[in-house]
Amino acid sequence: MSGRFCLSALTAAQIDDATFHEDVAYIESLWQRTSIGNLDVPLIDHGQGTPLVMVPILEHLEFVYARQVRALSQQRRVILYRRRETRTTQTISLAARVEELRGVLDGLHLDQVDLLAHGDAAMVLLEFAARYPQRCRSLTIIAQGADYQIAPHPFIWLLHELYVRTPVEYILPATFLRRTVINYIMAHAPGNTTRPALPRHLIEEQFQKIARWPFVYKYSVLPVIHYFEMRQRISALTMPVFLINRADDALSPEYKTRWMAKQLPNCAAYHVVPGAERFFMYSQAEVVTPLIEAFLQGENPQRPLPQSQTL
Numbered sequence: 012m013s014g015r016f017c018l019s020a021l022t023a024a025q026i027d028d029a030t031f032h033e034d035v036a037y038i039e040s041l042w043q044r045t046s047i048g049n050l051d052v053p054l055i056d057h058g059q060g061t062p063l064v065m066v067p068i069l070e071h072l073e074f075v076y077a078r079q080v081r082a083l084s085q086q087r088r089v090i091l092y093r094r095r096e097t098r099t100t101q102t103i104s105l106a107a108r109v110e111e112l113r114g115v116l117d118g119l120h121l122d123q124v125d126l127l128a129h130g131d132a133a134m135v136l137l138e139f140a141a142r143y144p145q146r147c148r149s150l151t152i153i154a155q156g157a158d159y160q161i162a163p164h165p166f167i168w169l170l171h172e173l174y175v176r177t178p179v180e181y182i183l184p185a186t187f188l189r190r191t192v193i194n195y196i197m198a199h200a201p202g203n204t205t206r207p208a209l210p211r212h213l214i215e216e217q218f219q220k221i222a223r224w225p226f227v228y229k230y231s232v233l234p235v236i237h238y239f240e241m242r243q244r245i246s247a248l249t250m251p252v253f254l255i256n257r258a259d260d261a262l263s264p265e266y267k268t269r270w271m272a273k274q275l276p277n278c279a280a281y282h283v284v285p286g287a288e289r290f291f292m293y294s295q296a297e298v299v300t301p302l303i304e305a306f307l308q309g310e311n312p313q314r315p316l317p318q319s320q321t322l
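Per this note's numbering, the very first residue in the sequence shown carries number 12; after that it's consecutive.
To be clear, the hints were calculated from the coordinates, so they are not data collected in a lab.
Bear in mind that the values here come from a model prediction, so they are computed numbers and not experimental data.
There could be a bad hint or two in this list.
To be verified - Quick list of in silico lysine to aspartate or glutamate cross-link-like pairs, EDC-like style, CA-CA up to 20 Å: (1) K220 x E240; (2) K220 x E33; (3) K220 x D56; (4) K273 x E240; (5) K220 x D117; (6) K220 x D28; (7) K220 x E110; (8) K273 x D158; (9) K267 x E240; (10) K267 x E110; (11) K220 x E180; (12) K220 x E39.
Kindly produce the complete structure, drawing on both the sequences and the hints.
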């Protein structure tokens, strides 16, 4: 592997409500309803230059990309579409998410591009890269490993099986499911005294905008995360890959992203950011964005962070 393992020594100040709401409003202001081939989607197509496609996560959580859209669109054409969610029994599978991404690229006549994704969107991107490697100039993967076996495993896996196979979405309170998911987003090691840069109430604010959340979780989220498994196919990802994670993420443990970095044929670098919540791509943009910029420019992603140390 050609990349380096490194740990940033920088931390971020806490995000205040006004800053967060300004960033959410910024992203919302950029959406344009667009017909792309057979798709009719809200699309952000901002800036000029070499395209960078950001793979979308759950609706109303796209704020995760807000600061990168603002910064990277100064030099690049940044593209983000709002993915389709379903609140019926029409499940959207991982394969369907992959084809949704391919359809957007085809409709925009983009043959090969740099792609970036966070969390479960990175699951879609990794699967896409395995199926369509010729479409990927590079991958930037934030907070995602090669599988999704989260602690306590196999208990969580069995709960997901129960959710998939029974109609619990009709009786499960949305507040309970929201609280459980956000607990994982905010989880960190007991010894981590870093103050969360993104306060919990702001994350809750966005989740509350998702209508019929138990149905969205069952038919739009679970079909991707429950069946995601890339460990046996990592060697197929021969394009340059840049990995970023935080030190103690509960949903994508650091040791799993470290393992993936070692298995990738062309890992440009692997960077670990200290933090106390999963959405560090947004809340610690002053650390993450320069790393992404350096990677996309073909530079060593360590150069903007002289305080970093090799692990």
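Verification of the hints:
1. K220 x E240: violated, 30 Å
2. K220 x E33: Status holds; Cα separation ~17 Å.
3. K220 x D56: Distance of about 24 Å is beyond 20 Å: violated.
4. K273 x E240: Measuring from Cα to Cα gives roughly 17 Å; hence the hint holds.
5. K220 x D117: violated, 31 Å
6. K220 x D28: Judged against 20 Å, a Cα distance of about 16 Å means the pair holds.
7. K220 x E110: Status violated; Cα separation ~26 Å.
8. K273 x D158: Holds, at roughly 15 Å.
9. K267 x E240: Roughly 12 Å between the alpha carbons, so the hint for K267 and E240 holds.
10. K267 x E110: It is violated: about 26 Å lies between the C-alpha atoms, which goes past 20 Å.
11. K220 x E180: holds, 18 Å
12. K220 x E39: holds, 13 Å
Of the numbered hints listed earlier, those contradicted by the structure are 1, 3, 5, 7, 10.
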